[in-house]
Structure formats: structure tokens, C-alpha cells
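**Q** Given the structure of chain A, go ahead and fit chains B, C and D onto it with the hints provided.
Protein chains in written order, with the working numbering: chain A, 1 to 218; chain B, 1001 to 1218; chain C, 2001 to 2220; chain D, 3001 to 3220.
Don't read these hints as lab results, they were simulated from the structure.
Quick caveat: nothing in here was measured; it's all calculated off a predicted structure.
Idealized CB from N, CA, C, for every residue including glycine.
One should not assume that every hint holds.
What the hints assert, rightly or not - Label pairs and their computed distance ranges (CB to CB):
{"no.": "1", "chain 1": "D", "residue 1": "Q3063", "chain 2": "A", "residue 2": "E42", "range": "26 to 34 angstroms"}
{"no.": "2", "chain 1": "B", "residue 1": "K1125", "chain 2": "A", "residue 2": "P56", "range": "53 to 61 angstroms"}
{"no.": "3", "chain 1": "D", "residue 1": "T3074", "chain 2": "A", "residue 2": "S2", "range": "36 to 44 angstroms"}
{"no.": "4", "chain 1": "A", "residue 1": "E190", "chain 2": "B", "residue 2": "K1015", "range": "50 to 58 angstroms"}
{"no.": "5", "chain 1": "C", "residue 1": "D2033", "chain 2": "B", "residue 2": "K1012", "range": "48 to 56 angstroms"}
Unchecked claim - Here chain C is said to cover these stretches of chain B; the calculated rule only asks that three of the stretch's residues, wherever they fall, bring their Cβ under 8 angstroms from a Cβ of chain C:
{"no.": "6", "stretch": "1023 to 1030"}
{"no.": "7", "stretch": "1063 to 1077"}
{"no.": "8", "stretch": "1081 to 1089"}
{"no.": "9", "stretch": "1110 to 1123"}
{"no.": "10", "stretch": "1170 to 1176"}
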Amino acid sequence: MSKLITCEEAVKKVKSGSRIMVGGFGLVGSPLSLIAALAQSEVKDLEIISNNLGEPGRGLGVLVRQKQVKKAIGSYFTSNPEVVKAYQDKELEVELLPQGTMSEAIRAGGAGLGGFYTPVSVGTKIAENKEERTLNGKKYVFQEPLKANFSLIKAKKADQLGNLIYNKSARNFNPMMATAADVVIAEVDEIVEVGQISPEEIVTPHLYVDYIVVKGGK
Amino acid sequence: MSKLITCEEAVKKVKSGSRIMVGGFGLVGSPLSLIAALAQSEVKDLEIISNNLGEPGRGLGVLVRQKQVKKAIGSYFTSNPEVVKAYQDKELEVELLPQGTMSEAIRAGGAGLGGFYTPVSVGTKIAENKEERTLNGKKYVFQEPLKANFSLIKAKKADQLGNLIYNKSARNFNPMMATAADVVIAEVDEIVEVGQISPEEIVTPHLYVDYIVVKGGK
Amino acid sequence: MNVKQYIAARAAKELKDGDIVNLGIGIPTLVADYIPSDVKVFLHSENGILGVGPTPDPEHIDQNLVNAGKLPVTVLEGSSYFDSASSFAMIRGGHVSVSILGVLQIDAIGRIANWAVPGKSVLGVGGAMDLLEGSKKIIVTTMHTSNQGESKIVNELTYPITSERIVDLIITDLAVFAVKEDGLHLIELSPGVSLEEVQLKTDAPFLIAKSFNKGKEVTA
Amino acid sequence: MNVKQYIAARAAKELKDGDIVNLGIGIPTLVADYIPSDVKVFLHSENGILGVGPTPDPEHIDQNLVNAGKLPVTVLEGSSYFDSASSFAMIRGGHVSVSILGVLQIDAIGRIANWAVPGKSVLGVGGAMDLLEGSKKIIVTTMHTSNQGESKIVNELTYPITSERIVDLIITDLAVFAVKEDGLHLIELSPGVSLEEVQLKTDAPFLIAKSFNKGKEVTA
Chain A
1 MSKLITCEEA VKKVKSGSRI MVGGFGLVGS PLSLIAALAQ SEVKDLEIIS
51 NNLGEPGRGL GVLVRQKQVK KAIGSYFTSN PEVVKAYQDK ELEVELLPQG
101 TMSEAIRAGG AGLGGFYTPV SVGTKIAENK EERTLNGKKY VFQEPLKANF
151 SLIKAKKADQ LGNLIYNKSA RNFNPMMATA ADVVIAEVDE IVEVGQISPE
201 EIVTPHLYVD YIVVKGGK
Chain B
1001 MSKLITCEEA VKKVKSGSRI MVGGFGLVGS PLSLIAALAQ SEVKDLEIIS
1051 NNLGEPGRGL GVLVRQKQVK KAIGSYFTSN PEVVKAYQDK ELEVELLPQG
1101 TMSEAIRAGG AGLGGFYTPV SVGTKIAENK EERTLNGKKY VFQEPLKANF
1151 SLIKAKKADQ LGNLIYNKSA RNFNPMMATA ADVVIAEVDE IVEVGQISPE
1201 EIVTPHLYVD YIVVKGGK
Chain C
2001 MNVKQYIAAR AAKELKDGDI VNLGIGIPTL VADYIPSDVK VFLHSENGIL
2051 GVGPTPDPEH IDQNLVNAGK LPVTVLEGSS YFDSASSFAM IRGGHVSVSI
2101 LGVLQIDAIG RIANWAVPGK SVLGVGGAMD LLEGSKKIIV TTMHTSNQGE
2151 SKIVNELTYP ITSERIVDLI ITDLAVFAVK EDGLHLIELS PGVSLEEVQL
2201 KTDAPFLIAK SFNKGKEVTA
Chain D
3001 MNVKQYIAAR AAKELKDGDI VNLGIGIPTL VADYIPSDVK VFLHSENGIL
3051 GVGPTPDPEH IDQNLVNAGK LPVTVLEGSS YFDSASSFAM IRGGHVSVSI
3101 LGVLQIDAIG RIANWAVPGK SVLGVGGAMD LLEGSKKIIV TTMHTSNQGE
3151 SKIVNELTYP ITSERIVDLI ITDLAVFAVK EDGLHLIELS PGVSLEEVQL
3201 KTDAPFLIAK SFNKGKEVTA
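Same shape as in the complex, but just chain A:
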């Protein structure tokens, strides 16, 4: 019942048209080996939920360059000029969410909620087609939860069961994404024996993790 597989085995599970969450804030905390394996595969028409889309030719930027991405949901794509170009050429759809709304929507997806009201973006372009509601005298915007077919996340260490801990600011979106997809694949720097990570310290309990790959592995 080992969860350990290779990157190649991992990306074989992904079909064209899948909706995939990918962890990371820029390239920090991004599962780069899994992304590289995806870039080697034939899958296309992907819908990616990720804060950014990498950099030109790096991380998710490779998938954009290879036209494997149909739609992206995230908070900040401007840092990759190739994303801007693909959008202008109508090769890529983009849905923009404030970073806090996005991270909360992923959490809500994993937590089985039907949606929530956030005060963020009220009165802005982002909220134009969203339900607005006044609660206790304050205006809020309704946000639906986000879920996906797959989450590709990056952690520092996994134990053999799949309990995860992260590395400094590389934690970012990974713990929420671990909760919000049908299949969760974690890329880790290191796998340790069960019991090597303290129960108090575990950030992502193993029930959220379906498969583990080791960074740099094939």
C-alpha cells in the first residue's frame, strides 16, 4: 500500500482536459519535477489553478509555451509575459481572483463548504459578475469553492504514510490544495520513516495525500 510512485507514473494519471491545482508562489514551493513530467506528456487542454503560471520557459511557463493550458485560475499572471501574449492571442482563458479569495476558495473546496462571503473586491472590476450581499451593514461578495481533479503539490518531507511538512515560505498554497482535489500527488525532497515527523508538527495529515514522488525522480 505504498504511496510512492515515479513522476512518470504520476502524470500518466492525468488526462487531457483535467482541472489541476498546482502549488507554489512563483517557483517557490512549486512541484517542478511533476510539472516537467507533465511537459513531457501529451496531455493538453488543462485547466490550471495556481497563483501564477511560472516564468517564461520555467515551471508552469513550460506548459503555457507548449500550449498545454486552456484556462488558468489564479491571482497574478503578469509576471510571465508569455501568459499575457497567450491571453491576447486568445489561446488562454484567464480567471483572476484576489490572492486571499483564491486561497480561501481552495480551502472551502477542501472543507466541503458551498461558498462564502468576502469583503474583498467589493465595488471593483473583479466583482462585476458576482453576487453582492450586505451582511450586518457591510458589503460582501459571494465566492464559490474551488475543487480540482488533481493537485500537484510540493513539500519538504513526507513520511511513508504521506504525512507532510513544508519548507519556510514554500508552504504557501500547498496545504490547501492538498485538501481540494480528487487525487493529490505530493513531490517531496525527502521521504522518512513513519514516526520521524512529530504529530504536533505535521501540517498535512496523510489522509489528504494519495501519491508521493521524490523531487528530481523520473
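**A** Chains B, C and D alone, transformed into the frame defined by chain A:
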């Protein structure tokens, strides 16, 4: 700028009629020294948000016995027969929430949300006076966030800044309550130097904690 | 083995390797003692533990380590602790494979009542509604009749409903029912129990599966 | 000290001991270098850090430790790491004392635009809206005019608004404005700057505080 005060100083901040969140699952993870100090004080008409109301004459049960509590919001009060009696004698108002809805409502309060939709309690007595809404074909109940004037929480260790870690299943409601009140007072077993708790391991960052008292202190 | 232990042992046979399992108070708690040695499951406790272990000896009780029934427990290697909001996020989000729950009543389409008694002050709900809503599979373990001899499997609930969610399997001291779209299906009789006895003690109508187990042996 | 450093140093004077401070990209990032030594603040970075320290030497860069501008940072003793949902819960929940932000425009009642440019594809918003909505106090640091010499303090925003939230203080290279219910109040001129220059370069109307600081000295 030390956050360390005595239990007596802490409860002096609490006025009659205050709304107070109190951590703990039963007596486990409950700030018993702070509660004892409250029981020594003259405050009354308190509105308590807590999963339970202690046991007869123990923990929050003392405040119930002394008629200091006007209203309780929580998930399970049946385990203290004196609560049942006070309710039947119309000395105590009770608002019952499913445990998951309650913990999520406290989190939402601390996270600045206007409310959320949960599928839990749809079609039950608990949902009788609540807004029901169908989202993507599934029925949900609207839940407002919970906030309070004070949170009295219990942690294992604080550092001098107020960063907190908890002890096993005594964590329970404490981390959320730390986020959802105007004034947060943490009772801890031990205070350590800054730097003694790893940045990866801190559960409640110090920005949430206003005051620290040591367990068993006056 | 008394009847409650029998029910618990029968329920344990439903668990699969790798399952994340939440056990309610009462008979469900006993299930932990009957999990086959070749099946590794992980016990989730809604007060914030994944990986609950056996009850400790009295001298090894840790006051900070209790299960959702507020009883002292231990944890196994690979366990983790988390706050209540995270714990119920797991439950509501569908990350618990199986919850085994006690009940007051079950109706003819498989909905249950297990949190409140009519005519009494309703002052406790706990995590029952969350578990029922969110768990992938719900197994009910219960005595077939109440202490007063009334059937717990009824046409219509007279106790307040816990959730609109229909449970998956009902295990009593007398029989096992699978719940399907067309209602309750008797799939098994306990050893020494006759179909007539089950019919007599079950108020709700039920279908009889073509080939059901008569007196399947259940051992620890 | 160049003008951007001057603005940053002036903003740093607004910080109080114990403040939780979030610094935006650009001039706000420079504020960290000018915090008075007797004022201890804690820098929050929305990608999941409380307790950001100075920029590391090139040989001490840790790839896993960056700020919200994706630049390498260090952390101080007492720092903590958390996930993005927790980080924005802090922000939205009002647990950040002060955010210092750059802007494209500020209107006459103190609302800002700082995330999108008209006519260009809008492909980035980041955490700007969250910080503006949730922070207890908002300080804007900006050059008074754009590179094209146009006033950034305008009657009506021509750039998309970031939030309906009104900011608290505006610090430019020329002046400082407090934002109150009746609009912008000029409270300070930078050294060597005349009231006439500020009037000339400010499109929005503003009130002049009874006693404002003329050329207050700001040193690091």
C-alpha cells in the same frame, strides 16, 4: 511591552455582559486558571462561546453554578446536568450549533468573512430558522461568523512574544478562538525565550495574542 | 462475546485496508477491538486526532489526549494533531472513508435520528450531523430494538432527524441491512436468528436480498 | 537619500512599537531600512511569513524563503510560517496593523487604484485588494506625479479602483495628506517644497490643516 500578566489582571479586563470565547473540549484544553479567576470576580451576564460548559462545579460549570452566564453558544451541553437545569429554569439561554459549524464560524469570524454555506444540518431542527440555499444542486445552510470581546484560550507553551504551541488533543478550539476576539488572553503551562519554538511549528503566531498568563498563577 | 461485541465485530469486517475511520460513542467504539490484523485503518477523532491507538493503562493516561467521547486514548506512530476547524473540514470535505455511528431510530429509506429526544430539552448535538453529512460511507451499529422492546427501524422517525443523508449499512444484533435507492435490503441474519424474528421486530418494510447470509460466523 | 528613500523614511516614522506591518512592492519595501531603532515592528509577508528580516547576502540566499515580491529575505527570531489561506485570514480579519502600499492614483476622497491599467489586459491582482480591505491602517507611499508629470492625486480615478476602502495617510515626495471624512488634508510639506508647488501638482482639491509642518526634517 511584555504580554505577561496575572490571572487577576486578566479578568479585570472583562466586564459584565461581555461575550467570551473559551477554549477546550470538555476540560481538555480549557483555561482553568483564567476560569477560576473569573469565578472569583463579580462579572455576570456573560455570553459564553464554548463547545461545552464544563462539568458540575468544574471549569465553566462553576460560572454556571454561580449564575454568571446569561447565554451559551456551543455544541454539547448535555454532559453538565446543571446546564440542563439552568436552561429549564430559564436562567440560561442556549444556542446550539453542530460542532463543525461552530468551529468553522469561529474561524470565519477571525478571517473577516461575512458567513458561509455548510451542508451540515440541512433539513434538521438546527436549521429551522436559517437561510437555506441550493448551490450546484446541493442544499446548504447559511452560517454567520462568530466573534467575541474576549477569548480565553489554553496553550502548552508561549514564547515571550506570544507565539503559541498546543498539547495533543488540547489544541481543539483554541487556535480559532485566538483569531476571533478583540482581546485574546492565553493561559500557558510554560513561557520560553523567543527563538525556542521553531517557526515551522508555531500554531498561533504572536499577532493573535494580547496577553499571557501562566497556569496556576494568581 | 456479548451482543454488542458481536455487532462491533461484524462492523469491523466492513473496514478496508487504508480506510480513515471515525467511531461514534457506544457500540462503535468497540469496533476498534475487532479490526482484522491484516487490515490497517486509521482512526480519526473529531476533536483533532488522526491515528488514535488503544486505551492506555491507568498509569499512562495523558490528560491532554482524549477521544471525542472524552475518554483517554493513545496515538500510534504516524498520527497527527489538528484544531477542530481543520478536523471538521476533513469530515465535511469527504476525507473520512467510514463513520460508524449509533442511532436512536432509522427510517424506511435509511435516514437516522441520533441526537435528540422528543419532549426533552435539546442541548447537545456535537459532531453527529457533520459526520453524517460528510463521511463517504456510514455504517450504523445498533441494537435492533430499544430497551422497551420497540423496533428502532421505523416507518417514520418520531425522533428529530440528524441529516437528510441516507446511511449505507445497518448492523444490528439480529441482522444486517444494506440501504439502496428502493429502501432497506436484508442481506444477513445473525447466527440463530430467524427471518420471522427480524420481520416481527422491524417496523419498517424491507426487501430480502436473493441470497443473504444466514447466520454468518463472526469472530474476533 | 533620494526622494524614494525620503518617502520611505517619512513613512517609517508612522510605525509604532509592536505594529504588525505589511510592506508592498516598490517604495514600501524601502521602509524596512528606516524603522527607528527604538520601535520594534513585525513584518508580515502575505505569502506566509510573520517576522521578515533583512535581505540576505547573496551567499546566504534560501530558495524557499522569499517575500511577496518573490525576493529573497531572512527571518528574525520569533518568526513563523503559515499557509496562504491563514495569511490572508490574518489580513482580512484585521490582524495587520498597518499596510504601506504603492499606488497608481488616489482620488479626492482617498480611494486608490493600484492594480490595473486601463486598455491593458488585466492579468494580475495579487494581494492588493485583500491588504487594502483588511489592514487596520493604510499608508500610501508614492511619487506625487507620474513619470509623465501627471498628478497621481486626482478628482476621479481613471484607473480601475482597488477597493472602496479609504486610505488613512498619503506620503509623497512633496507632501503628506491625512484622509478624513471631508477629504484630503495637507498636513506636511517636504523640505524645500512650497504650498504652491503642491497645489499645482495636485488635481484633487484638498484642505490645508491649520498648522501643518513645513519641511519637517526626516532622517534615517
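**Q** Run through the hints listed earlier and report the numbers of any the structure violates, in increasing order.
**A** No numbers; nothing is violated.
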